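Enquirer: Chain order of the listed sequences is A and B. If you're matching positions, the first sequence starts at 1 in the working numbering and goes up one per residue. If you're matching positions, the second sequence starts at 1 in the working numbering and goes up one per residue.
Since the hints were derived computationally from the structure, they do not count as laboratory data. No experiment lies behind these values; they were computed from the predicted model shown. Note that CB positions come from ideal geometry on N, CA and C, so glycine has one too. Watch out, some of these pointers could steer you wrong.
Restraint-style ranges between C-beta atoms, simulated for each label pair [claimed, not checked]: (1) B/Glu198 to A/Leu290: 32 to 38 Å; (2) A/Gly73 to B/Val117: 19 to 25 Å; (3) A/Leu95 to B/Val29: 36 to 42 Å.
Which residues of chain B face chain A? A partial, calculated answer using Cβ under 10 Å [stated by the list, open to error]: (4) Leu118; (5) Val121; (6) Val124; (7) Ala127; (8) Ala130; (9) Leu131; (10) Ala138; (11) Ala139; (12) Val212; (13) Leu216; (14) Thr220; (15) Thr240; (16) Trp251; (17) Ser253; (18) Val265; (19) Leu268.
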Amino acid sequence: MSLGRLLAGRALQAVGVAVVVSALCFLVVLRLPGDIAYRIAAGRYGYDLVDAQAADGIRAELGLDDPAWQRFGQWLSDLVRLDFGDSLVTHRPVLQEVGYYLAGTLQLAGAALLLAIVIGGAAGTLAAQRPGGVVDRVTDVWIATVRALPPFLLGLLLVLLLSVHLGLLPAVGHGGSTTIVLPAVTLAIGLSGLIARVTRDAVVEVRGSDYVRFARTKGLTERLVLARHVARNAATLVVPYLGVQAVVLVEGVVVVESLFSWQGLGHALVHAVFWRDIPVLQASALVLALLIVAVNTLVDVAVLWLDPRPRRSEVAA
Amino acid sequence: MTAILDLAPTTQRRGRRTAGLARRLCAGVLVALVLFALVGPFVLGDPAAQSLDRFLEAPSLAEPLGRDDYGRSVVSRLAHATRLSLVLAALCVATALVIGTASGVLAAWRGGWVDAVLRSVSEVFVALPALLIVLLVAALSDGDLWTLYVGLAVAQWVEYFRVVRARAALVLGSPAVEVAGLLRLGPWHVVRRHLWPELRPALTTLASLGMVTSILAMSTLGFVKVGLEPPRAELGLMITESFPYYDVAPWMSLAPVAVLFLLTVCFLGLRRTEDA
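Chain B with its partners taken away, still in its complex shape:
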């Protein structure tokens, strides 16, 4: 995982205006993709409906992306795959964020043995590649969604933990928090007034990177045929399945690649200007 690295301060080079424009563009494309993923499955047909007589049909007005080697509608499969990626990634990021933030704040606040235990647990996870964790957890059972979910969340919580712990320790040790303690304003006040505003920018950055990591990990596992199993529509799987027909039906493999690339670029684009 590279999120820790990406948080390293980079010098600001781009103009503020172009940055804002790029960010709005990313947000726009992202909204379009989310709409496609949410509305598409209801409007378009069944992604698993085969009609073998329409083998590799070329794109037309009715079927904007044509049909695949089983005569299934590519655009419908694409909508389902995008929805799967977005929903599962969002769930994983939310889970990892809650667990990581809670444990990070706990470690920074209590210190002592709590901190020592949590830190050594996180040390172990830092040394494990996320994909390895997901791969092992995914091996638990074939093509189940929940194993992928658990694997991705377990692999990601440690980033939030490390960043939150480091920043929370700084905030909690500041004179402002000391004063709040002397005034007996209570822990809730400290969280709302001091901790949250300080952590929020880092967390949004990590979350948008986490979306990228989850989506890519999922499609990568699909691609090496260890993740979700056919006939489920998944971006990585779709790329693998369509690759043999690259010559005769390039639109089939290009469509999932384009969606994957756009998702990645847009989430990264959102982050890029976040710290501007």
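Okay, chain A solo, but in the shape it has when bound:
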């Protein structure tokens, strides 16, 4: 697959994702209880100052009496012009708000991913040294346990252990150097299981291959074999799975951020649903979904760079 075709395919996917997410958001608005003109009027002028005149003004201004398909067209064209409007709660421009939350999420996700790759990669590589050995079995148990624990339970356990009983770390909050530790560790532990499994299988497979045997025959030391031959080839098997992990990561972000009050997109999304803050809901859902497309694109490019040989079957997203 060439780079151009790959990017074109991902771009199409991004457009599709945007349309589906905005359609869902639009449905949310349509289905909201109560007259939406009154709700927006309340958001703008305060609940005490709403009257029929103000609501009618807003209805005319926003074209709320137009048929649904026309409004959906309007909605989409606003989207294309990146006009997300203002938050109904804070009255700040949505782009500004979402930018702030996106930064929080990227920070958290980056820290978690790094930690997960370190933990999972190390565990997987160690387990692969002696398949069936003690380390391998312990890793097996670890993977199974992590898989069975949903992120919110894991987070609660960590809070109980590290914050309540040991008092080492703050349980909730945003900013400061210690508040990121618990949410990042929660996410990282959840991710590390699958990374460990894939890494282990990849390393075992690569170590059994002909080129590694040849490298040994050449007389390379074990460390050089690992660094030069095993690492890169195993990476071509592991990296595609990081794209799958992105979906898991984003799902985890939604939960973990709400749990620890970390100010990111997931937190914003849950609150937007809660407060019926439609513009923020739409923008943060969209950004979260596009984030996955972006990560998948990066993964594709990375795989192409690690293993430039053309391949016939496409990489599973």
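Please build the complex by placing chain B on the supplied structure of chain A, with the hints as guidance.
Expert: Frame of chain A; chain B shown alone:
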């Protein structure tokens, strides 16, 4: 969703006998939980009946899990919550399985533009986190069961579609199916004789993973207070509601956690040996 990943071939390391034993254990615990969920609500009292004078009553013989902060019977609420999780998850998995399998077989069989359209639709859904879909659909109306159901089913069909499409394409292109076509044995024969036996193991694996995904998604949404609303008994909600009393009444928060954990482990355990 991680099901696609879990289908990746893993090397067989565990002994066949221990695997069989573990699987039977999982099945046993699962049957017990299902019985608890099905029979419990009929035997135990009303999960919403409050009696405030019995605030945080400790477990006793009559009330094995004590009472919560409203004096409601925890064991009764637990039975209702487990039933809700199991029934809703089973419905979601069944729906997603039927839609995903049908569209997957259709795409593989017809090919051409049908395949192209279905594949691009699935591409879009792959890039959407399941929880996001469920969250948005759940926002449609407050605490309604059907919105959760629709959200979960919509989020999950794509896994079945992708796996079925890939495997069905292989089967349909095989010499055996070609011969069946030459013998004019008809499409029904191909489905029953060639397609179904090939797809069944993958589908059971996906279904048991789908149960886990649905149950966890439901409780997660309950936990962040976006899913079902109180006073409905739901595992995630029960965990949130009981957490403030963790110090004085640990049994209250531990019970739903234990049920959730057992459900997850058992469904995963069933799958683990499925591909052994």
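Enquirer: Give a verdict on every hint.
Expert: Each hint tested on the structure:
Distance hint check for B/Glu198 and A/Leu290: the Cβ-Cβ separation is about 37 Å, which falls inside the suggested range of 32 to 38 Å. With their beta carbons about 22 Å apart, A/Gly73 and B/Val117 fall inside the hinted range of 19 to 25 Å. A C-beta distance of roughly 50 Å is found between A/Leu95 and B/Val29, which places it outside the suggested range of 36 to 42 Å. At its closest, the beta carbon of B/Leu118 sits 13 Å from a beta carbon of chain A; the interface hint therefore is violated under the 10 Å criterion.
Look at B/Val121: its Cβ gets to within about 8 Å of chain A, closer than 10 Å, so that hint holds up. Of the supplied interface hints, the one on B/Val124 holds, with its beta-carbon coming within about 4 Å of a beta-carbon of chain A, less than 10 Å. Evaluation of the B/Ala127 hint against chain A yields a held restraint, the C-beta minimum of about 5 Å falling below 10 Å. Annotation: B/Ala130 was flagged as interfacial toward chain A, and the flag holds, the nearest CB pair being 7 Å apart, inside 10 Å.
Evaluation of the B/Leu131 hint against chain A yields a held restraint, the C-beta minimum of about 4 Å falling below 10 Å. Because the closest C-beta pair between B/Ala138 and chain A is about 8 Å apart, less than 10 Å, the hint holds. Using the Cβ-Cβ criterion of 10 Å, the hint placing B/Ala139 at the interface with chain A is satisfied: the shortest such distance is roughly 5 Å. At about 8 Å, the closest approach between the beta carbon of B/Val212 and any beta carbon in chain A falls short of 10 Å, and the interface hint on this residue holds.
With a least beta-carbon distance of about 5 Å to chain A, the hint placing B/Leu216 at the interface is held under the 10 Å criterion. Taken as an interface hint, B/Thr220 checks out: its beta carbon lies about 5 Å from the nearest beta carbon of chain A, inside 10 Å. The beta carbon of B/Thr240 comes within 9 Å of a beta carbon in chain A, closer than 10 Å, and the hint placing it at the interface holds. Interface restraint check for B/Trp251: the shortest CB-CB distance to chain A comes to about 15 Å, outside 10 Å, so the restraint is violated.
For B/Ser253, the shortest C-beta to C-beta distance to chain A is roughly 9 Å, which falls under 10 Å, so the interface hint holds. Below 10 Å, beta-carbon pairs count as interface contacts, and B/Val265 has one with chain A at about 5 Å; its hint therefore holds. Because the beta carbon of B/Leu268 sits about 6 Å from the nearest beta carbon in chain A, less than 10 Å, this interface hint is met.
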